[in-house]
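In the order they appear, the protein sequences are chains A and B. Every letter in the first sequence is one number past the one before it in my numbering, and letter 449, counting from 1, is 673. Every letter in the second sequence is one number past the one before it in my numbering, and letter 336, counting from 1, is 348.
Any given hint could turn out to be false.
Derived pair list, reagent style SDA-like, types lysine to any residue, alpha-carbon separation capped at 20 Å [stated by the list, open to error]:
no.: 1; chain 1: A; residue 1: Lys525; chain 2: B; residue 2: Arg238
no.: 2; chain 1: A; residue 1: Lys420; chain 2: A; residue 2: Val453
no.: 3; chain 1: A; residue 1: Lys541; chain 2: B; residue 2: Pro246
no.: 4; chain 1: A; residue 1: Lys449; chain 2: A; residue 2: Ile425
no.: 5; chain 1: A; residue 1: Lys597; chain 2: A; residue 2: Glu560
no.: 6; chain 1: A; residue 1: Lys408; chain 2: A; residue 2: Lys449
no.: 7; chain 1: A; residue 1: Lys486; chain 2: B; residue 2: Pro246
no.: 8; chain 1: A; residue 1: Lys541; chain 2: B; residue 2: Leu146
no.: 9; chain 1: A; residue 1: Lys541; chain 2: B; residue 2: Arg238
no.: 10; chain 1: A; residue 1: Lys405; chain 2: A; residue 2: Gly378
no.: 11; chain 1: A; residue 1: Lys339; chain 2: A; residue 2: Gly287
no.: 12; chain 1: A; residue 1: Lys525; chain 2: B; residue 2: Pro246
no.: 13; chain 1: A; residue 1: Lys525; chain 2: B; residue 2: Leu146
no.: 14; chain 1: A; residue 1: Lys541; chain 2: B; residue 2: Gln145
no.: 15; chain 1: A; residue 1: Lys597; chain 2: A; residue 2: Gln651
no.: 16; chain 1: A; residue 1: Lys525; chain 2: B; residue 2: Gln145
no.: 17; chain 1: A; residue 1: Lys628; chain 2: A; residue 2: Glu422
Among the chain B residues that face chain A by a calculated CB cut under 8 Å, a handful are [unchecked claim]:
no.: 18; residue: Ala34
no.: 19; residue: Ala38
no.: 20; residue: Thr42
no.: 21; residue: Gly223
no.: 22; residue: Arg225
no.: 23; residue: Arg238
no.: 24; residue: Ala240
no.: 25; residue: Leu242
no.: 26; residue: Gly244
no.: 27; residue: Val245
no.: 28; residue: Arg249
No wet-lab data here; the hints were simulated from the structure. Glycine is no exception: its CB is placed at the ideal position from the N, C-alpha and C atoms.
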Amino acid sequence: MDIELRHIHKHFGPVHANNDISFTVKGGRIVGVLGENGAGKSTLMKILSGYQPADSGDILLDGVRAAYHRPEAAIAAGIGMLQQDPLDIPAFTVLENLVYGQPGGLFLSRKNAQKQLGDLCGRFGFALDADAPIVSLSIGQRQQLEIVRLLALGIKTLILDEPTTGISAEQKDILFDALRKLSKNEGMSVLLVSHKLEDVIALCDEVVVLRAGKLVGDAQMPVTKAELVRLMFGQELAPQTRAQVPLGQTVVSFDKVTLRGKRVTVENFALDIRAGEVIGLAGLDGSGQELIARACAGLIKPQHGTIRIAGKNMAGKPYRDFLRSGVAFGAAGRLEEGLIAGLTLTEHIALTSSDEALVNWPRARDLTETQLKLYNVRGRSTDTIERLSGGNQQRVLMALLPQKPVLLALEQPTRGLDVDSARWIWQQLLARRASGTAILFTSPDLDELVAYSDRILVLYAGKVYEIADAGATTIDELGHLIGGDFQKAAP
Amino acid sequence: MSKNRTWFQVVFAVAPIIVSLAITSALILTVNADPIAVFQSEWNGAFRSPTVFAGVINFWMPLALCSMGLIVTFTAGLWNIGVEGQIGMGAVFATWAALFVTLPQPAQIALEIALGFLGGALWGALVGFLKTQLGVHEIFGGVALNSLANVITIYLVTGPWSPPGGASKQSTAPFVTNALLPQISADFPVSLLMLILTFAAIIGVILILRGTRWGLQLKATGKNARSALLLGVPTTRSAISALMVCGGLAGIAGAFRVLFVYQSLRTLVSGGIGFLALLVVLLVAVRALWAPLIALIFALFLGGSTRLKIELGLDESLVGVLQGLIVLLVLLASGLRQRLSERDSGRGDLAGRPYEQPISAEQQEAVPHE
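Using the sequences and the hints given, assemble the complete structure.
Here it is as structure tokens:
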């Protein structure tokens, strides 16, 4: 299906999120949509997939003007979107998730659905068990289910938002093969929103680039990574260097720790974290890495074993005791765990900056202004936090973290951030590391793990494999390790 | 845009009241009465004499106290349905002092009021303990403790504290004058002390929520307890202390009901004031400044309703109909306003919303604690 966007405009208050965007996607083509955080990519994709209407402008599908304002109407028109977080219903099985959105009568036909599932999985090499509950699936499998679901609804255009985050190398290959088959053999048009330029280079036929709400460039592939970066930022980024920091004493140590999660258990885990050390936790979503990060901050109680901070056993103590001992935690879901929607930036700063019984509002406001400048946040002190873009929220979260913690335990510190914002966050983190802070972080992004870790722990189903020298590993090796292939790695 | 917005706010505040008056008028017309006369009688009813107006004030004070307490708990994200029981326990504690302690009057009354506060605060703390330590949702805990407070009152009134000679067993013996709150005058029977306490509570709650760290922590806990905890807010302490403050204010309201209105302890001492206060706070969308005003309007309506029957031969439940309509329409209007303003600010997309209809923060997940 051909899609033509004509002069799309969208305002959010004073922000012109989409400013006169026009381009065409031909059937059978895979188009990458690039741009830094806040460039307007998500807004445009939401307009295209019916989640929100444009202020003005037209969408033409195969030359016919389309008007739809709801996702189900967009799907009926042939456009489906694969969200970054799969939109399945955890309590349902695979088959139930497949059929719930399908039009039809009161009674669902299991047999038809089962046949449909089998056909589609067979065509793309997906391995999905019809009766498996969603909670037992990996992110990659849930994504496959979502694609099958959309295809069963008869879509002719597929939009994908960051589809390779949190899936293994093998699952990525399967996904890319499926997308190529869909576009080349079946004439489907595919739009890929991604910050991972490698993925864009590997998959796309062409790219369009947005900056500050405007379409600023397009290119036919192949194009080098450097050129893509120049298109996105208007300049090339200097390679980030990482100064060597001498490691200090052990600050946090795990001994014979057992952590039980909903899906995995990490058993008999031992780890010494030294001052100034950066430890990356790799693994597919739910492999146990988040258990370790959270146990570091006292958010999960270990079943057995000791967690010592500065020599003192803290296992079983509440979170606030860990916080007082100098461990700070940053969660992956910023607005769920970390920031408070409905509170202004000043209120956030006031909440964390002092202990006095009366809030000194003028001083809190001044401090907020200073912090906003220091952390380069685009936002006003009177804005509520949810009005900021994801990248700016992450910057605020950085500003709220204690200045010199003993250990920073971070879940996906650059989740959803563009290259530039991600580098900026790491600059801040490395600066704290230089003053002796140890950093433990999880990431679904293998590049990030290799680039910033001193050591990497790979988790698979609760088992741990240690890469003692992160500098000596490769993305490829890590990709196999997170898939559980511990044998392949050199001992 | 900003001029537009003010206009928008005013329309949404006034429209539901006008519409509910219109619907009530239509209802009155169907029974062949004159709506204008009804509303006139309503209005005049509340102001017809200083004594009647004093009744309005005496109803308003405990209602306003409970409303201010609920402002505190709602700020902390808690549905303190247990406010009824907290009124009851305040009344029970104050009654103990009124029956069994004899002190010079100022000390006597100070002790009674303090015990009223304590009784309510303890009952509130219990809700908080159940919630934060045992994971019992505050609504269920509150409902259970309401019943329990009721049972305790019935037991005391019919058992150990029943008046000598048995009497009717509906209430304790009347308190001695020394134990009662004095009234301003026989023509205007209002407790000055209670009036002062009520205004102090209104101003105090407004100031505390605006200017103190505790207030800010409550707000943070209420908006997102998980994030608040991670930012270092003692969320358990926030929740329990909010419930204690609300319980304490409700306890004072309960003490007032027994020490002034009934002059004895009886069953169902709150008379539904706690639930009415919940309604008030929901209607004003937890805006502290508006709560006492709306509480006054409710008190005026209820004060005037008794005249309806006498003057126009209409049932006083008509006021209930009008009240119910206002509640319904105000809630509808606030839902509508939310939808429109979301569309305005570009947050009307479905991405962040699990349901097609807007949901309130209260419907979201239960609050986690340390």
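Hints versus structure:
1. Lys525(A) <-> Arg238(B): Holds: Lys525(A) and Arg238(B) sit about 16 Å apart, inside 20 Å.
2. Lys420(A) <-> Val453(A): 11 Å, holds
3. Lys541(A) <-> Pro246(B): 14 Å, holds
4. Lys449(A) <-> Ile425(A): 8 Å, holds
5. Lys597(A) <-> Glu560(A): Violated, because 25 Å separates the two Cα atoms, which is more than 20 Å.
6. Lys408(A) <-> Lys449(A): Roughly 24 Å between the alpha carbons, so the hint for Lys408(A) and Lys449(A) is violated.
7. Lys486(A) <-> Pro246(B): 26 Å, violated
8. Lys541(A) <-> Leu146(B): Within the cut-off at roughly 18 Å; holds.
9. Lys541(A) <-> Arg238(B): With a Cα-Cα distance of about 17 Å, the restraint between Lys541(A) and Arg238(B) holds, given a limit of 20 Å.
10. Lys405(A) <-> Gly378(A): The given pair, whose Cα atoms are some 16 Å apart, holds under the 20 Å limit.
11. Lys339(A) <-> Gly287(A): Cα-Cα ~34 Å, so violated.
12. Lys525(A) <-> Pro246(B): Satisfied, since the Cα-Cα distance of roughly 18 Å is no more than 20 Å.
13. Lys525(A) <-> Leu146(B): Roughly 17 Å separates the two Cα atoms, so the pair holds.
14. Lys541(A) <-> Gln145(B): Holds, because 15 Å separates the two Cα atoms, which is no more than 20 Å.
15. Lys597(A) <-> Gln651(A): The hint holds at about 16 Å.
16. Lys525(A) <-> Gln145(B): 16 Å, holds
17. Lys628(A) <-> Glu422(A): 35 Å, violated
18. Ala34: Hint violated; Ala34(B) Cβ to chain A Cβ min 33 Å, cut 8 Å.
19. Ala38: Violated - the Cβ of Ala38(B) stays beyond 8 Å from chain A, reaching only about 36 Å at its closest.
20. Thr42: Hint violated; Thr42(B) Cβ to chain A Cβ min 41 Å, cut 8 Å.
21. Gly223: 6 Å, holds
22. Arg225: At about 6 Å, which falls below the 8 Å cut-off, the nearest Cβ of chain A leaves the hint on Arg225(B) intact, so it holds.
23. Arg238: Holds: closest Cβ of chain A sits about 5 Å from Arg238(B), inside 8 Å.
24. Ala240: 6 Å, holds
25. Leu242: 6 Å, holds
26. Gly244: Because about 6 Å separates Gly244(B) from the closest Cβ in chain A, which is inside the 8 Å limit, the hint holds.
27. Val245: Given a least distance of 7 Å, the restraint on Val245(B) holds.
28. Arg249: Where the cut-off is 8 Å and the nearest Cβ of chain A is about 10 Å from Arg249(B), the hint is violated.
Going down the numbered hints, you'll see the structure goes against 5, 6, 7, 11, 17, 18, 19, 20 and 28, while the others check out.
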